[in-house]
Amino acid sequence: MDAIPLFFLLGFVARLARSDLKIPGQLYEALSIYLLLAIGLKGGMELARQDALALIPQALSVMALGAIIPLIAFPVLHKLGKLDRFNAAAIAGHYGSVSVVTYAVAADYLIARSTEFEAYLPLFLVLLEMPGIAVGILLARMGGDFRSVRWGALGHEIFLGKSMVLLGGGLLIGWVAGPTGLAPLEPFFFDLFKGVLCLFLLEMGLVAASQAPALRTSGVFLAVFAIVMPIFSATLGSVLGMMIGLSAGGTLLLATLAASASYIAAPAAMRIAVPEANPGLSITAALVITFPFNILIGIPLYDRIIGLLFGS
Amino acid sequence: MDAIPLFFLLGFVARLARSDLKIPGQLYEALSIYLLLAIGLKGGMELARQDALALIPQALSVMALGAIIPLIAFPVLHKLGKLDRFNAAAIAGHYGSVSVVTYAVAADYLIARSTEFEAYLPLFLVLLEMPGIAVGILLARMGGDFRSVRWGALGHEIFLGKSMVLLGGGLLIGWVAGPTGLAPLEPFFFDLFKGVLCLFLLEMGLVAASQAPALRTSGVFLAVFAIVMPIFSATLGSVLGMMIGLSAGGTLLLATLAASASYIAAPAAMRIAVPEANPGLSITAALVITFPFNILIGIPLYDRIIGLLFGS
Amino acid sequence: MDAIPLFFLLGFVARLARSDLKIPGQLYEALSIYLLLAIGLKGGMELARQDALALIPQALSVMALGAIIPLIAFPVLHKLGKLDRFNAAAIAGHYGSVSVVTYAVAADYLIARSTEFEAYLPLFLVLLEMPGIAVGILLARMGGDFRSVRWGALGHEIFLGKSMVLLGGGLLIGWVAGPTGLAPLEPFFFDLFKGVLCLFLLEMGLVAASQAPALRTSGVFLAVFAIVMPIFSATLGSVLGMMIGLSAGGTLLLATLAASASYIAAPAAMRIAVPEANPGLSITAALVITFPFNILIGIPLYDRIIGLLFGS
Amino acid sequence: MRETHPCKLVVMIAEAAIEDSLARDVMRLGAHGYTVADVRGQGSHGVRRALWGADRSIRMEVLCDELTSNAIVDHVEKHYFDHYAMIAYVSDVGVLRPGKFQHKD
Amino acid sequence: MRETHPCKLVVMIAEAAIEDSLARDVMRLGAHGYTVADVRGQGSHGVRRALWGADRSIRMEVLCDELTSNAIVDHVEKHYFDHYAMIAYVSDVGVLRPGKFQHKD
Amino acid sequence: MRETHPCKLVVMIAEAAIEDSLARDVMRLGAHGYTVADVRGQGSHGVRRALWGADRSIRMEVLCDELTSNAIVDHVEKHYFDHYAMIAYVSDVGVLRPGKFQHKD
Ligand SMILES: Nc1ncnc2c1ncn2[C@@H]1O[C@H](COP(=O)(O)O)[C@@H](O)[C@H]1O
Ligand SMILES: Nc1ncnc2c1ncn2[C@@H]1O[C@H](COP(=O)(O)O)[C@@H](O)[C@H]1O
Ligand SMILES: Nc1ncnc2c1ncn2[C@@H]1O[C@H](COP(=O)(O)O)[C@@H](O)[C@H]1O
Ligand code: NA
Ligand code: NA
Ligand code: NA
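Line order of the protein sequences matches chains A, B, C, D, E and F. Residue numbers for the first sequence follow our numbering, so the first one is 1 and each next one is one higher. Residue numbers for the second sequence follow our numbering, so the first one is 1 and each next one is one higher. Residue numbers for the third sequence follow our numbering, so the first one is 1 and each next one is one higher. Residue numbers for the fourth sequence follow our numbering, so the first one is 1 and each next one is one higher. Residue numbers for the fifth sequence follow our numbering, so the first one is 1 and each next one is one higher. Residue numbers for the sixth sequence follow our numbering, so the first one is 1 and each next one is one higher.
Rather than coming from a laboratory, the hints here were simulated on the basis of the structure. Everything numeric in this text was worked out from a predicted model, so none of it was measured. Warning: the hint list may mix true and false statements.
Unchecked claim - Pairs of lysine to aspartate or glutamate, DMTMM-like flavour, derived with a Cα cap of 20 Å:
1) B:Lys162 with D:Asp38
2) D:Lys100 with D:Asp38
3) E:Lys78 with E:Asp38
4) B:Lys22 with F:Glu77
5) C:Lys22 with A:Glu276
6) D:Lys78 with B:Asp20
7) B:Lys22 with F:Asp38
8) F:Lys100 with F:Glu66
9) C:Lys22 with E:Asp82
10) D:Lys100 with E:Asp82
11) E:Lys100 with E:Asp38
12) E:Lys100 with F:Asp82
13) E:Lys78 with A:Glu29
14) B:Lys22 with F:Asp20
15) C:Lys162 with B:Asp20
16) E:Lys100 with F:Glu77
17) F:Lys78 with F:Glu3
18) D:Lys100 with E:Glu77
19) F:Lys100 with F:Asp38
20) E:Lys78 with E:Glu3
21) A:Lys22 with D:Asp38
22) F:Lys78 with F:Asp38
23) A:Lys162 with A:Asp2
24) B:Lys162 with D:Asp65
25) D:Lys78 with D:Asp38
26) F:Lys100 with F:Asp65
27) C:Lys162 with F:Glu66
28) B:Lys82 with D:Asp38
29) F:Lys78 with E:Asp82
30) D:Lys104 with D:Asp65
31) D:Lys100 with E:Asp74
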């Protein structure tokens, strides 16, 4: 059996049982810096093997996907879920953006099954990070007080946030250095990747369980949303993947990206751009429900859906 | 020459010379999380290859060993050493429990000599962690004020302490995932193991030396105890190892476990369960004397003893 | 293209653009502990293969070089640069000492080009760390108030500073343990080296850029000094390298050591021994100008100079 | 100009081992919150360098009214001072929304 | 014996997300400096364990004259209290070089 | 109700480089202990982000009687203020066991 979900479960159960196990804050930071850089480097290295120009149409359609998802999520949350505009918009933004770790788990899922996928997919990961957040903020500010948004500070927060710099920077370095330039970095950035990912998932389990009590107050609607929305987005992502000619593996990754909800970049940006939103709601949805759902059930489920789509 | 004791010496000497070398607290935490998980995973992986049920008799006798050691140590400390009940019981508990790093050094000692050992021994490490601590607490509370012990909090502290969760959790994950599930984690959890252990021993040297001044006040009796007790326990462990049919290598590991004294789990548990005990005393004995004694002199000595027992 | 300077640039640009990317302080500490130990171990391992006594004359002349550089830099800074005695002396001391990371980048430069070099060069790194600092302090204290220097505290600070202990300790351990003793540590200390170095350079980029604003107030003279001085010292180092019979690769390393300026050991020592000096000045020169100059331009330049000297 | 209202600030510096139990006690005694930082230091129990687990110390501060402050100080004096490396002090500060820090029943 | 001069100490405990913007505001409002520490804690917004990014809190302290102290307290009350996990308090302390902490124009 | 006794609290914020020497001085001047936390901040010597060694700052607090407090403040004013990034302030607090903080001879 694959070890990754087991590490998540260990953390989750340990925290629920109120163990004193704790991942020190700076170790958490270190692990996430490592994961972001490593994913970026790997993607950039593969990009160096591609005709980058040929990817532009694909890239644009992927960015459009990131913008559309929150536009669909917002009315559902606001009208159906009766959440106020700020909370509906903030949550929608989280689901428009992506989760790097969910991506890594899906990539590992494919590797373990020896399923091929387009190795430049980390590029899409980078491209999908921002549009959803931007649309979420626009939705929150609709209705006149646009001027009160400090767009400069905000653009800054989004484009120069830690995860964009590390993913994007890694991508660029990987692209410029190419496979030979990166070869001496392999033992560190590639061979250790899965081990580090496991440690990170242990921490994610601890964090998710520590936020679990908020479930009681966040309402049933949000819990349902946090499961139905990813399935819907994954379907959207699968269809787009097929349309732009990705392989079944690449399509699964795109579907997983669409299904995943951000819990690093989006919370940081929303806290500054939409302070009226209660961060507890979006975190609970994204981290306590959607994240475990995706890594435990979602990925195999989307794989099944894509299998049907690809008629295999 | 093996590098491990050299790293300990480097840290020890650096601290005695009052160097400003410091291992940051969170790095210490990170290294210990890594070591505990790695040992657990390795053991669990081997357990997956065993008939686990067949190990139950061995396991029970090993747990009995953990309970007997503090029962022997307590009267020695209390009557002979004139320590009050609380201190005698707390120290006894430390010696009933085990030191993970000492175990790792002994395992490395065997590997360096290509001596075989039962690969499921980390299971015994997990089993030996608790009974000694529990007996130590019972001894401290003998004589009436049993009700004042918060047994819930305490059981919690022991069974859900960081080291139990990581060792036990690693064991379970290793067992469930099995060798194939763990294969992609090897570069991280197994190949790096000895290097991380060296770094940890550097830190242990720093810590041991920083506690060394307490030796002046802790008395000669405790110093002698901290050397004689491990030798005695190791002999006990060796005999048990033979009786339950372990190989010479496995017997050395069991002897070393018996000889080792806890300085992570036990201090934390005792601080809460037996606050009357002076933590300086048990730490000095376990960390400043027994730990270096075991890794520098004890392990080869026990190896010799076992060589005699096995008649080789 | 080699990835190392790219990581520095990523950090530098990210910080200039005011990204919130930050390397946690304890991760910085952990990376530098790792690098210092790994370099020391590697050097010590090679030393074990040498006739150490035969190196004494070389070693002495290298130490002399470390003492001469600040003696040349001081009058330039004091007379030409109009810096007061304390600042001139402190900066001179920084340039007499060495930068471990610059050394590592130069070694990597050679490895990437398959150029051979004497593997015991880390020994020179250790030897060059102190003399420059000591001479800098003496220069600051010239003129009577020698007695106010707490020589004990100072010698302590220099010889027992973190970097000396880890480099020197690593060297000793490597020497005693030898290649076979270190073999099991290779995956950790050697295979990961370049990856860790890249992460450290990312951080150096962040730090250098965060100090960059100080350039505005530190004056043009210092900026020119921070480029001319390394070129001069590298030439001195190259000539010495040839004279003591080093290979072209070894000569490049010695030249780079001479050219590099300390930003770990020297700032710490100067802050205590020469508090009158403004640390902003020396840090700006050493870290914001000389360090990037050396890794981006200097090393290839010195390589060219040495090529001419060796007539190849 | 905005006025601040008098309030007590209780600061406790103690072994990290009792952080959780201190936090529970403080909340039970009527405080609405607390803030904890990791520290190191020296005192009658020797130097605590925070090098490793058992060597870590914390600094907890609690804003509360006088009633709660007295209860906390009494409680820690009785339950922790004898057996743990620990000190406590109280000072007077001004807060903006005093209701937030009044004794919780 | 050296005399100390009266000065205000403003302490703010808040989500780490607003550290940079608080620091900017405080300097703009006339302070000459500030000091920040990483903390964890509990309050009306629940437990904040500093386990991960969005869960971190900071403690910022600012030494300043009464004018600046009032300005800071007013400002944070208006701009941050409603939407962020945050508290603030003010106390009286003595400093050596009062000029260093007077309102900056 | 338990009474607290008046005591001085000296707080110093300074470059990490002088932590050890400050600690030694404080103990020598009669204090029984001190507590140190890692901090970052800004002041007349610029921004100190604690990104790397030379950039780190510490916050040391010392509970002591007035005699010791004056001695400490005098000492740091004379020995550190001119050359190091550093500030210090003193405030009045109440402690439980005043003997613990009286001048050590
Ligand atoms: N006089 C003091 N001033 C500031 N902190 C102190 C003082 N005495 C003790 N402490 C702190 O409180 C902890 C426990 O104190 P003690 O129980 O006296 O060892 C020490 O490790 C210090 O961090
Ligand atoms: N009564 C209190 N005493 C000390 N710190 C508090 C108190 N209330 C809140 N805090 C701190 O301020 C943060 C935000 O408070 P709140 O907005 O009430 O959740 C908490 O996470 C605590 O760190
Ligand atoms: N007004 C202030 N309020 C709070 N902390 C300050 C203040 N001024 C300076 N500091 C702290 O003291 C350190 C040294 O101050 P300075 O010597 O003014 O650069 C700064 O890095 C801050 O951490
Ligand atoms: Na998404
Ligand atoms: Na034992
Ligand atoms: Na140099």
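For each hint given before, does the structure comply? Return the numbers of the non-compliant ones in rising order.
Going through the list in order, the structure violates hints 2, 3, 4, 5, 6, 9, 11, 13, 17, 19, 20, 22, 23, 24, 25, 27, 28 and 29 and respects the others.
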